[in-house]
Amino acid sequence: GESVGLHLPTLSVQEGDNSIINCAYSNSASDYFIWYKQESGKGPQFIIDIRSNMDKRQGQRVTVLLNKTVKHLSLQIAATQPGDSAVYFCAENLGYNTDKLIFGTGTRLQVFP
Amino acid sequence: EPEVTQTPSHQVTQMGQEVILRCVPISNHLYFYWYRQILGQKVEFLVSFYNNEISEKSEIFDDQFSVERPDGSNFTLKIRSTKLEDSAMYFCASRLFDEKLFFGSGTQLSVL
Numbered sequence: 001g002e003s004v005g006l007h008l009p010t011l012s013v014q015e016g017d018n019s020i021i022n023c024a025y026s027n028s029a030s031d032y033f034i035w036y037k038q039e040s041g042k043g044p045q046f047i048i049d050i051r052s053n054m055d056k057r058q059g060q061r062v063t064v065l066l067n068k069t070v071k072h073l074s075l076q077i078a079a080t081q082p083g084d085s086a087v088y089f090c091a092e093n094l095g096y097n098t099d100k101l102i103f104g105t106g107t108r109l110q111v112f113p
Numbered sequence: 001e002p003e004v005t006q007t008p009s010h011q012v013t014q015m016g017q018e019v020i021l022r023c024v025p026i027s028n029h030l031y032f033y034w035y036r037q038i039l040g041q042k043v044e045f046l047v048s049f050y051n052n053e054i055s056e057k058s059e060i061f062d063d064q065f066s067v068e069r070p071d072g073s074n075f076t077l078k079i080r081s082t083k084l085e086d087s088a089m090y091f092c093a094s095r096l097f098d099e100k101l102f103f104g105s106g107t108q109l110s111v112l
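Keeping their order, the protein sequence lines are chains E and L. Residue numbers for the first sequence, in my numbering: 1 to 113. Residue numbers for the second sequence, in my numbering: 1 to 112.
Just chain E, same shape as in the assembly (with noise of 0.2 angstroms):
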């Protein structure tokens, strides 16, 4: 069935290292996939993005790795900082014949000084 899940549901994490959160996707299918930022009160934030025909991109900070082959996406922060601090998820869209995200339950980081 569709399910995407993550890993980890609590992450710690000293200023200036580095995170990695992890997601596995079970839709062999899916060809898109996001993580997104969400901070307490407020909705959804894009982080980045990466497609199917990819095994990585990077952004500012952040690095997105998917594996094609066991399934699984990550997100690696660069020198993490407080602000990164939130709940991250992961989402997958099949991309045919629909354009709905699957949402994963989420990890959050948490980033000590």
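Worth flagging that the hints you see were computed from the coordinates, not collected in a lab. Just so it is clear, the structure is predicted and the values come from calculations on it, not from any experiment. Just so you know, not all the hints are guaranteed correct.
Among chain E residues calculated to face chain L with C-beta under 7 angstroms, some are [as the list claims (entries may be wrong)]:
1) 29
2) 32
3) 42
4) 43
5) 46
6) 100
7) 103
8) 105
Derived DSS-like pairs (lysine-lysine); straight-line CA-CA distance at most 30 angstroms [unchecked claim]:
9) E:56 with L:42
10) E:56 with L:100
11) L:83 with E:71
12) E:56 with L:78
13) L:57 with E:71
14) E:42 with L:100
15) L:100 with E:68
16) L:100 with E:71
17) L:57 with L:78
18) L:57 with L:42
19) L:83 with E:42
20) L:83 with L:42
21) E:68 with L:78
22) L:78 with E:42
23) E:71 with E:56
24) L:100 with L:78
25) L:42 with E:68
26) L:42 with L:100
27) L:100 with L:57
28) E:68 with E:56
29) L:57 with L:83
30) E:56 with E:42
31) L:42 with L:78
32) E:42 with E:71
33) L:78 with E:71
To spell it out: a stretch of chain L is covered by chain E in this simulated footprint if at least three of its residues, at any positions, have a beta carbon under 8 angstroms from a beta carbon of chain E; those stretches are [claimed, not checked]:
34) 33-47
35) 67-81
All residues carry an ideal CB built from backbone N, CA and C; glycine is no exception.
On the provided structure of chain E, position chain L as indicated by the hints.
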């Protein structure tokens, strides 16, 4: 930076009452959505809307729900007779052509 605006931020209603949640999507966007998030659960798709009609809806989006784009700028979600289990944060979202979806800050609906 343009953003999706939702009002009100909080809505409290009695069970059985009608509620209308309002959204102003980003002005040049073409595709519009409602999602919801029950406390502690995943963000769930409700409905998508394009070219003045519903393009897709989930099982949650039953006859009690409706959407409307009455004037070319607003996008509303109506729940005709609210139930306790409708309590959730409701997010409006919009996009232009690509899949990059922009979300509003949400309306927290509490049904008593």
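Next item on the list: List, from low to high, the hint numbers that the structure doesn't satisfy.
Entry: Hints 1, 11, 12, 21, 33, 35 not satisfied by this model.
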